[in-house]
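Residue 111 in the UniProt record's numbering is what sits at position 111 of the sequence shown, and the numbering runs on without skipping anything.
No wet-lab data here; the hints were simulated from the structure. Since the model is a prediction, treat every value here as computed from it, not as a measurement. Misleading hints may appear alongside valid ones.
[To be verified] Capping the alpha-carbon separation at 35 Å, the derived lysine-lysine pairs in DSBU-like fashion look like this:
#1 K242 / K100
#2 K349 / K366
#3 K393 / K281
#4 K282 / K327
#5 K93 / K30
#6 K366 / K80
#7 K80 / K205
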Amino acid sequence: MCDLKLCENSTLDGVEHDIVEVKTVWPNRKVKTSEFHINWAANGEAKFHEHCWTQIISSIKRKIRSAPFKFSSQEKTLVKEAEKTAEFRNAHKKIIEEAKRVSDMIKSSDHCVAFTGAGISSSAGIGDYRGKSGKWTEMDQNKINVDHLFSDRIEHTPSKKAKLQTEEKEEDNEETEEDGVPYEALRPTYTHEALQKLMTDGYLKYIVSQNGDGLHGLSGVPGDKISELHGNVFLEICEKCKRQYYRHFYVMDDVGSQYFEELDDNGKTDMKKPKYAVKCKKCGLSHRTGRKCESKGCSGYLHDSIINFRDLLDDNIFKQAEENSEKCDLMLCLGTTLTVTPASDLVEKIKKPQRYVICNRQLTDKDSACSATDKDGNVQGSRIFGDCDTFFKELMKNMFNAKELKKWESERSDRLKFYDSQRTQV
């Protein structure tokens, strides 16, 4: 159901309708919502037809006389916060149409490159950073309190018991907010496997990834065909001889990093510093893993490959990404909002005419480039709003014949057994 109360057709059909999902900052106390135009859920979420959402946004930004709906100042605030989290999903029939177009683009491409972000791993258990359920969105919204705007709509003052229950709930959230799927338990998604097959069959030439989860490599992408710009949690490198070790387990020493983090934040810590831990001058954390190089006569300390905030990207890895971006005549931007620099700068380096295929649930600064036309008026790119797995399941139907695709998809269980053999069980 569309959550705009004045919607003329409240039915939401994912096959026929473009949909927008949002989450606002909801007051901590119960408020009267009878005069609101939106049926906000108790957690601040709402879902709309895209055209209804467009009218809502138009209403809060226009002068009252010309606005489609008249929102109270309080609900305007809720809508403005919700707008920051908006996730868009195209009707499935449109995704099917775009999948056919994109398959033709890939088949005609000479050097197709995929640029991937956290969104392609969300179905594996890795959380997004942006959008209504994103990690950064949650952090931002937790800093905002809108209770003072709703003093005239408070239905009752919570009892002491209710207050205690609220506090307990908040404490529970604090304990579990960092909980997630261990990296060793993650497995490649449909999108990861599809990219690997496209590469094996010669359609995809290179992958540039912002992800450190190691899922591209686990799916079978060769090391010389990918630039993991932000590192890999399964890779550690010798400080002295630079020998690399790909492990079956998560290599990072979170204890050493937490020690330095608490020391910086609080000026003191009850934690004991690991003997091998050394504070990085750039990011302020510890990159050493606690293990040493096994090469004869070396014994150098091993460090992780993860790029933290303020760390510099590896020159060689970035150079390979840059060279392949410059040769690229079609870039598939998947599960990313293209906002993290300098990684996102690579998308600007592709050959002209620049052809982009972007698939994710949030808006990006390159969306308009997807609708650029050639001299004959033909659209050169494609913009798909939705989950990458949904899109790739339709794309693969157009890339391969039904028999070959069915065989490949049926082999998923065998691939999972191999993945399991490459990861320490947790």
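Status of each hint after checking the structure:
Among the hinted pairs, K242 with K100 is inconsistent with the structure: their alpha-carbon atoms are about 45 Å apart, more than 35 Å. For a cut-off of 35 Å, the pair hint linking K349 to K366 stands: about 13 Å separates their Cα positions. Distance check on the hinted pair: K393 and K281 sit about 45 Å apart at the alpha-carbon level, beyond 35 Å; violated. Pair hint K282 plus K327 holds up; C-alpha atoms about 32 Å apart against a cutoff of 35 Å.
Taking the CA atoms of K93 and K30, the gap is about 40 Å. The hint is violated against a cut of 35 Å. At most 35 Å may separate the alpha-carbon atoms for a hinted pair to count; K366 and K80 meet this at roughly 23 Å. About 41 Å separates the Cα atoms of K80 and K205, which puts this hinted pair outside 35 Å; it is violated.
Violated hints, listed in ascending order, are 1, 3, 5 and 7; each of the other numbered hints is respected by the structure.
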